[in-house]
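Novice: Taking the hints into account, I'd like the entire structure generated from these sequences.
The listed protein sequences derive, respectively, from chains A and B.
Using the working numbering, you'd call the opening residue of the first sequence number 360 and step up by one each time.
Using the working numbering, you'd call the opening residue of the second sequence number 360 and step up by one each time.
Derived from the structure by calculation, the hints contain no laboratory data.
Check each hint, because a few of them may be wrong.
Note that the list lumps identical chains together, so a pair holds whenever it fits in one copy or between two copies.
[As the list claims (entries may be wrong)] In silico lysine to any residue, SDA-like type, Cα no more than 25 Å apart, as pairs:
1) K464 / L380
2) K653 / L634
3) K585 / E556
4) K390 / L642
5) K390 / L672
6) K464 / D382
7) K671 / D632
8) K620 / P645
9) K585 / R557
2 protein chains.
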Amino acid sequence: MALADHVLAGDQRSAARLMRLADDLHPGVPKVLQALFPHTGRSRIIGITGNPGSGKSTLVDRLISHYRNEGRYVGVIAVDPSSPFTGGAILGDRVRMNRHFNDEKVFIRSMATRGHLGGLSKSAGEVLLIMEAMGCDPILVETVGVGQAEVEIAGFAQTSVVVTVPGLGDEIQAIKAGIMEIADVFTVNKADREGAERLMADIHQMLHMLDAPNGDAETWEPRIVKTVAFRNEGIENLAQAIEEHARWLERTGQDEQRRLKRERLQFFGLLRDRLDDRIGEILEQPEYEDWDRKLLHREIDPYRLAREVLDKLR
Amino acid sequence: MALADHVLAGDQRSAARLMRLADDLHPGVPKVLQALFPHTGRSRIIGITGNPGSGKSTLVDRLISHYRNEGRYVGVIAVDPSSPFTGGAILGDRVRMNRHFNDEKVFIRSMATRGHLGGLSKSAGEVLLIMEAMGCDPILVETVGVGQAEVEIAGFAQTSVVVTVPGLGDEIQAIKAGIMEIADVFTVNKADREGAERLMADIHQMLHMLDAPNGDAETWEPRIVKTVAFRNEGIENLAQAIEEHARWLERTGQDEQRRLKRERLQFFGLLRDRLDDRIGEILEQPEYEDWDRKLLHREIDPYRLAREVLDKLR
Chain A
360 MALADHVLAG DQRSAARLMR LADDLHPGVP KVLQALFPHT GRSRIIGITG
410 NPGSGKSTLV DRLISHYRNE GRYVGVIAVD PSSPFTGGAI LGDRVRMNRH
460 FNDEKVFIRS MATRGHLGGL SKSAGEVLLI MEAMGCDPIL VETVGVGQAE
510 VEIAGFAQTS VVVTVPGLGD EIQAIKAGIM EIADVFTVNK ADREGAERLM
560 ADIHQMLHML DAPNGDAETW EPRIVKTVAF RNEGIENLAQ AIEEHARWLE
610 RTGQDEQRRL KRERLQFFGL LRDRLDDRIG EILEQPEYED WDRKLLHREI
660 DPYRLAREVL DKLR
Chain B
360 MALADHVLAG DQRSAARLMR LADDLHPGVP KVLQALFPHT GRSRIIGITG
410 NPGSGKSTLV DRLISHYRNE GRYVGVIAVD PSSPFTGGAI LGDRVRMNRH
460 FNDEKVFIRS MATRGHLGGL SKSAGEVLLI MEAMGCDPIL VETVGVGQAE
510 VEIAGFAQTS VVVTVPGLGD EIQAIKAGIM EIADVFTVNK ADREGAERLM
560 ADIHQMLHML DAPNGDAETW EPRIVKTVAF RNEGIENLAQ AIEEHARWLE
610 RTGQDEQRRL KRERLQFFGL LRDRLDDRIG EILEQPEYED WDRKLLHREI
660 DPYRLAREVL DKLR
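Specialist: Next comes the structure, spelled out in structure tokens:
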């Protein structure tokens, strides 16, 4: 249990080692995670999503400095789509965060999505848990805004920040529409560019389209903040908006609701992983040889096969 | 079993009724699907994905006419993200397909994704099965290229077509990068616009970046076709490229590989649905009351709870 103790003391090497062991599905890992679990679940998780080119990584870099100045231990999970096209550019961005690499109170972990547009890799929940056990608070989770991962992060996070930039066409906005709906805070980054005011107005208008006319005083109206991350402008305002959202969550009981949602998601993820393993083992038994080929040629019935597999799960 | 017979005879009303029953989780549905299953699995499934504004729906409309001229029964699944923003525009596009609505050999079904950027609704596999049982071949599956659904469709489809248009910025291309990798055929639609040649060249270049230098003669080099769907130009070339891909699949044995992949995906989807139901029932038992709240407050251990739930699955 020495490893758990070192992680709880905030040691980055031990945490990194535990994450590697988890990736390798080392059989000793569940015991360690079990020991960490009681010390977790209290950190604030902030999702930050934006397209490549939005300056999102620079923004995260500035936020790290902001929270470090408050004396906090900052965790960062940078989620990359594992695409040969975007991979290069995004890794380039990451380099900007390098200056925090020697700070022993900043812990940065990169993670690939499952498939190119897929959701989070199944270890995301474990990485969050380990970071919380280390004492990281807040934990910033950076995603590139192209798919399922953003929605999953929004399920884990208490606050979701969407990074936009002026000068992208309407079609970009349409693509991002789905992401707009998860935003608690918008930032118009590169706000020194032409079109910043127009974009602010557009976001306002979109939010009003979304607004359910229920007159509910408990509704959070997403904040819109201007930043020029490159010149470190507007970062305090952004942090302030995130803080306001946190206070609103607590005041309305939404904080517990969002944390409960995260518990459910993580638990179902855990169950799913275990089940996938067992199902894989069952289908590898000799009697199920070529099950997929037999299904394809309609020699067996998927409904009967499903019943058999479920019966064997025990 | 009258319903199954009517579906097998190609009757659209019966098929629509079965799909509604499936949506409502009617207990009689699995028996009907079981009866249909042996008559399915042979249709060609063609995925067509592109951003809003790419003219994708017009293109699908033209392809329907093309296959109707060949005397084929055409199935279409139009997958919509259920977003209040994009919803309007996309439904507008759909109207263009209306002229096929009275054709008793064209069966069109709209379907929402699960969540805004989520994957296919769990009934997608059932809808495909029912369309195949009706005799639909090919089945065109239209998606808007914003997320997980495209990747799932690519798993079901034998051929994936990606629709691009000239005049979108680099950032759009970056977003779409993940989708590029699933394409068997590209079409540059609205090819009468400025920038069409440039876009063709860009796609060529991207494909060469992807190309693994293994000198494998069995590798499919994605076709790039120009279309102006609005004026019905290039549709024959597009259909020809799709046909070439189909012949390549068969010649190389890849056709069976892709169909096997679909069987596996559909079977795991089936299993997952059944398991989700059972797990939901277990967690509703009195002894697990407030399980999520107890997890949140670290009063119970998720690893132990997971083991208990798995033990009860039987």
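Novice: Run every hint past the structure and note whether it holds.
Specialist: Cross-check of the supplied hints:
no., hint, result
1, K464 / L380, "within (22 Å within a copy, 56 Å between copies)"
2, K653 / L634, "both (23 Å within a copy, 23 Å between copies)"
3, K585 / E556, "within (9 Å within a copy, 38 Å between copies)"
4, K390 / L642, "between (28 Å within a copy, 24 Å between copies)"
5, K390 / L672, "both (23 Å within a copy, 23 Å between copies)"
6, K464 / D382, "within (23 Å within a copy, 51 Å between copies)"
7, K671 / D632, "both (17 Å within a copy, 17 Å between copies)"
8, K620 / P645, "between (40 Å within a copy, 20 Å between copies)"
9, K585 / R557, "within (12 Å within a copy, 35 Å between copies)"
The structure fails none of the hints (numbered hints given earlier).
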